[in-house]
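Enquirer: Just so you know, the protein sequences line up as chains A and B, in that order. First residue of the first sequence: -2, per my numbering; consecutive thereafter. First residue of the second sequence: 46, per my numbering; consecutive thereafter.
FYI, nobody ran anything at the bench for these hints, they're computed from the structure. These figures come from a predicted structure and were not determined experimentally. Heads up, the beta-carbon is just placed ideally off N, CA and C, and yes, glycines get one too. Among these hints, one or two may not hold up.
27 Å max Cα-Cα, derived DSSO-like pairs, lysine-lysine [as the list claims (entries may be wrong)]:
{"no.": "1", "chain 1": "A", "residue 1": "K230", "chain 2": "B", "residue 2": "K182"}
{"no.": "2", "chain 1": "B", "residue 1": "K254", "chain 2": "A", "residue 2": "K90"}
{"no.": "3", "chain 1": "B", "residue 1": "K219", "chain 2": "A", "residue 2": "K89"}
{"no.": "4", "chain 1": "B", "residue 1": "K180", "chain 2": "A", "residue 2": "K111"}
{"no.": "5", "chain 1": "A", "residue 1": "K230", "chain 2": "B", "residue 2": "K173"}
{"no.": "6", "chain 1": "A", "residue 1": "K57", "chain 2": "B", "residue 2": "K254"}
{"no.": "7", "chain 1": "B", "residue 1": "K185", "chain 2": "A", "residue 2": "K191"}
{"no.": "8", "chain 1": "A", "residue 1": "K89", "chain 2": "B", "residue 2": "K275"}
{"no.": "9", "chain 1": "B", "residue 1": "K169", "chain 2": "B", "residue 2": "K120"}
{"no.": "10", "chain 1": "B", "residue 1": "K149", "chain 2": "A", "residue 2": "K232"}
{"no.": "11", "chain 1": "B", "residue 1": "K149", "chain 2": "A", "residue 2": "K215"}
{"no.": "12", "chain 1": "B", "residue 1": "K120", "chain 2": "B", "residue 2": "K275"}
{"no.": "13", "chain 1": "B", "residue 1": "K261", "chain 2": "A", "residue 2": "K89"}
{"no.": "14", "chain 1": "B", "residue 1": "K185", "chain 2": "A", "residue 2": "K113"}
{"no.": "15", "chain 1": "B", "residue 1": "K219", "chain 2": "A", "residue 2": "K111"}
{"no.": "16", "chain 1": "B", "residue 1": "K108", "chain 2": "A", "residue 2": "K217"}
{"no.": "17", "chain 1": "B", "residue 1": "K219", "chain 2": "A", "residue 2": "K187"}
{"no.": "18", "chain 1": "B", "residue 1": "K149", "chain 2": "A", "residue 2": "K57"}
The following label-pair restraints were derived from C-beta to C-beta distances [as the list claims (entries may be wrong)]:
{"no.": "19", "chain 1": "A", "residue 1": "N235", "chain 2": "B", "residue 2": "D124", "range": "48 to 56 Å"}
{"no.": "20", "chain 1": "B", "residue 1": "G284", "chain 2": "A", "residue 2": "P39", "range": "50 to 58 Å"}
{"no.": "21", "chain 1": "B", "residue 1": "E97", "chain 2": "A", "residue 2": "Q199", "range": "48 to 56 Å"}
{"no.": "22", "chain 1": "B", "residue 1": "T273", "chain 2": "A", "residue 2": "D96", "range": "15 to 23 Å"}
{"no.": "23", "chain 1": "B", "residue 1": "L228", "chain 2": "A", "residue 2": "S167", "range": "35 to 43 Å"}
{"no.": "24", "chain 1": "B", "residue 1": "L307", "chain 2": "A", "residue 2": "N142", "range": "32 to 40 Å"}
{"no.": "25", "chain 1": "A", "residue 1": "P39", "chain 2": "B", "residue 2": "N53", "range": "48 to 56 Å"}
{"no.": "26", "chain 1": "B", "residue 1": "N220", "chain 2": "A", "residue 2": "S167", "range": "17 to 25 Å"}
{"no.": "27", "chain 1": "B", "residue 1": "N220", "chain 2": "A", "residue 2": "D96", "range": "25 to 33 Å"}
{"no.": "28", "chain 1": "B", "residue 1": "T273", "chain 2": "A", "residue 2": "T77", "range": "40 to 48 Å"}
Example chain A residues on the side facing chain B (calculated, C-beta under 8 Å, incomplete) [said to hold, decoys possible]:
{"no.": "29", "residue": "Q65"}
{"no.": "30", "residue": "H95"}
{"no.": "31", "residue": "N99"}
{"no.": "32", "residue": "E109"}
{"no.": "33", "residue": "K111"}
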Amino acid sequence: MLNRNPLRKRQYIGTLIGIIVTIVTYIILPLKQTEDFLSLGPLNTGHEGLSCNACHTDAKGSLIQQLQSNMAYTFGARKTKVDFGTQNVDNKKCIACHDRPNDRHPTHRFLEPKFKDAIANIDATQCETCHREHNDTRVVLAEANFCVNCHYDLEVKNDPINVPHSTLISNKQWNTCLQCHDFHGNHLYKVAEKIEDTIPLQEIQNYLRGGKDPFSSKKKHLPLSEDEWLKMKAKHTNSK
Amino acid sequence: MNRYGIKNLVFLLAINSIMFLQSCGGVPEEKSSTTQSNKVFAVSEILTLIAEENDITRTLYTKGIVGAGKKQGLKFDEDWQDDEVEAGPLPALFLRGISSDIRKSIVPLGLYLGSDFPINASNKFTGKQAELFEKIKTNKEPQHFFEEDQKLYTSMFADLAVAAPCVNCHNEHKNTTKTDWKLGDVMGATTWQYPSDSLSYKEAIDVIKAYRNGTKAIYTAYLDKIATFKIDSTKPSIGNKWPSKGFYIPTADVFIDSVRKLTSYKSFEKLLADSKRRKNNYLVSN
């Protein structure tokens, strides 16, 4: 069969090489050693050393089942499509390790209708709006002035700071908020009462870019490590 | 093998591949209890039911724990979760705790508290909620609407000053924006949201369970906080007794049992009454 036409022979050899490359890739890419090669970019601060599948957990069903389900969805034979390969990384994944009952700005808070104008500017209902992964940083926003979206009409009674909030707001100094206020409220520290004692803006900006934590080394709630998360997951799976 | 034979082989392989894919069966679709025929409750009915449970739960907490507890020397504070503050959650934060816990569950229920004169500015109503709250203040009737932008069915219910601690705390708070609250006033409104216009029995029960689990979670968090109080004499005894009997605080089970006793009969009757009506409607329409 291969002797009939040299062009046909090349075609078969090409097909064979394609199949071999596909099989080898399929075997090699899921290996732990190739994670860096597959990653979209360096992990964000605090996530260094995490395995891919700490966040990118396996989707439900086998690959063939997922393929079939999505084909059925494409042709209208089922209402919902399914994750292919790995599950979508959403808020629930983040909160599995970063659950903090004292969070001042939990994402679900912004689902209330009154925040719809604010979230049109900055979608605070999603962790990844600020903390998009694979960017080697802490916060991906270019400016730390996002407080304006909700607190633009803030009035503080019994204002404790020497430069009143009303002055800071009228001067549109929204970059200064984080010099006193930790957005998620998890750091244990004493808030300054004089503007000159607050955390310098440069340190805040460094922190947002992944640098040293200027608020405090102490936190009320620590996130789960990958091992702790795996144990919790195993416990949850076994109890089902 | 001639080219027709190869074409046949390719055709057979393709057919076999499709059959192989189909024979495996796909990932099961999550629709067991959500088919349209099972959707027996209008969303407004279930949100009304759960809002009534919430009224009873919060009244019990406000009167039985906060009001009576303050007389025994217990403290309640908006910064109750801070390490240096030895206090429990104020009723508004108790509700926020329930809301947060619901959000951790798989039940897509949203719960928020707002007002036109809130202590915390972030709880002030704006936009459509502010408009509807004006109506609620005049007739105390719930407002049900579809929030177009979010595609969520939304209901607002009056939050009344049902107990002296509500009025006293809000009037005397250092950051209050109104100092003449009195018993019976509409102090604010709870806003509830759900993504579907109707619910099955399972979904309705899941909503009730999520709310009750939230109550237990925030109350347990309060008891956990008491355990961290540095001076033993500031820790009330945790057991069967309530603060009205002395320096006591009920366990989570005792508190939740009391909530259940006050709410379950009404909720259950409502579910059953609605089911009878629905059955009659079904018979009439068929």
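Enquirer: All hints, please: hold or fail.
Expert: Here's how the hints hold up against the structure:
no.: 1; hint: A:K230 <-> B:K182; in the structure: 47 Å, violated
no.: 2; hint: B:K254 <-> A:K90; in the structure: 23 Å, holds
no.: 3; hint: B:K219 <-> A:K89; in the structure: 37 Å, violated
no.: 4; hint: B:K180 <-> A:K111; in the structure: 17 Å, holds
no.: 5; hint: A:K230 <-> B:K173; in the structure: 41 Å, violated
no.: 6; hint: A:K57 <-> B:K254; in the structure: 26 Å, holds
no.: 7; hint: B:K185 <-> A:K191; in the structure: 46 Å, violated
no.: 8; hint: A:K89 <-> B:K275; in the structure: 34 Å, violated
no.: 9; hint: B:K169 <-> B:K120; in the structure: 25 Å, holds
no.: 10; hint: B:K149 <-> A:K232; in the structure: 18 Å, holds
no.: 11; hint: B:K149 <-> A:K215; in the structure: 25 Å, holds
no.: 12; hint: B:K120 <-> B:K275; in the structure: 14 Å, holds
no.: 13; hint: B:K261 <-> A:K89; in the structure: 21 Å, holds
no.: 14; hint: B:K185 <-> A:K113; in the structure: 26 Å, holds
no.: 15; hint: B:K219 <-> A:K111; in the structure: 25 Å, holds
no.: 16; hint: B:K108 <-> A:K217; in the structure: 30 Å, violated
no.: 17; hint: B:K219 <-> A:K187; in the structure: 21 Å, holds
no.: 18; hint: B:K149 <-> A:K57; in the structure: 21 Å, holds
no.: 19; hint: A:N235 <-> B:D124: 48 to 56 Å; in the structure: 38 Å, violated
no.: 20; hint: B:G284 <-> A:P39: 50 to 58 Å; in the structure: 53 Å, holds
no.: 21; hint: B:E97 <-> A:Q199: 48 to 56 Å; in the structure: 53 Å, holds
no.: 22; hint: B:T273 <-> A:D96: 15 to 23 Å; in the structure: 18 Å, holds
no.: 23; hint: B:L228 <-> A:S167: 35 to 43 Å; in the structure: 39 Å, holds
no.: 24; hint: B:L307 <-> A:N142: 32 to 40 Å; in the structure: 48 Å, violated
no.: 25; hint: A:P39 <-> B:N53: 48 to 56 Å; in the structure: 52 Å, holds
no.: 26; hint: B:N220 <-> A:S167: 17 to 25 Å; in the structure: 21 Å, holds
no.: 27; hint: B:N220 <-> A:D96: 25 to 33 Å; in the structure: 29 Å, holds
no.: 28; hint: B:T273 <-> A:T77: 40 to 48 Å; in the structure: 45 Å, holds
no.: 29; hint: Q65; in the structure: 4 Å, holds
no.: 30; hint: H95; in the structure: 12 Å, violated
no.: 31; hint: N99; in the structure: 4 Å, holds
no.: 32; hint: E109; in the structure: 4 Å, holds
no.: 33; hint: K111; in the structure: 5 Å, holds
Going down the numbered hints, you'll see the structure goes against 1, 3, 5, 7, 8, 16, 19, 24 and 30, while the others check out.
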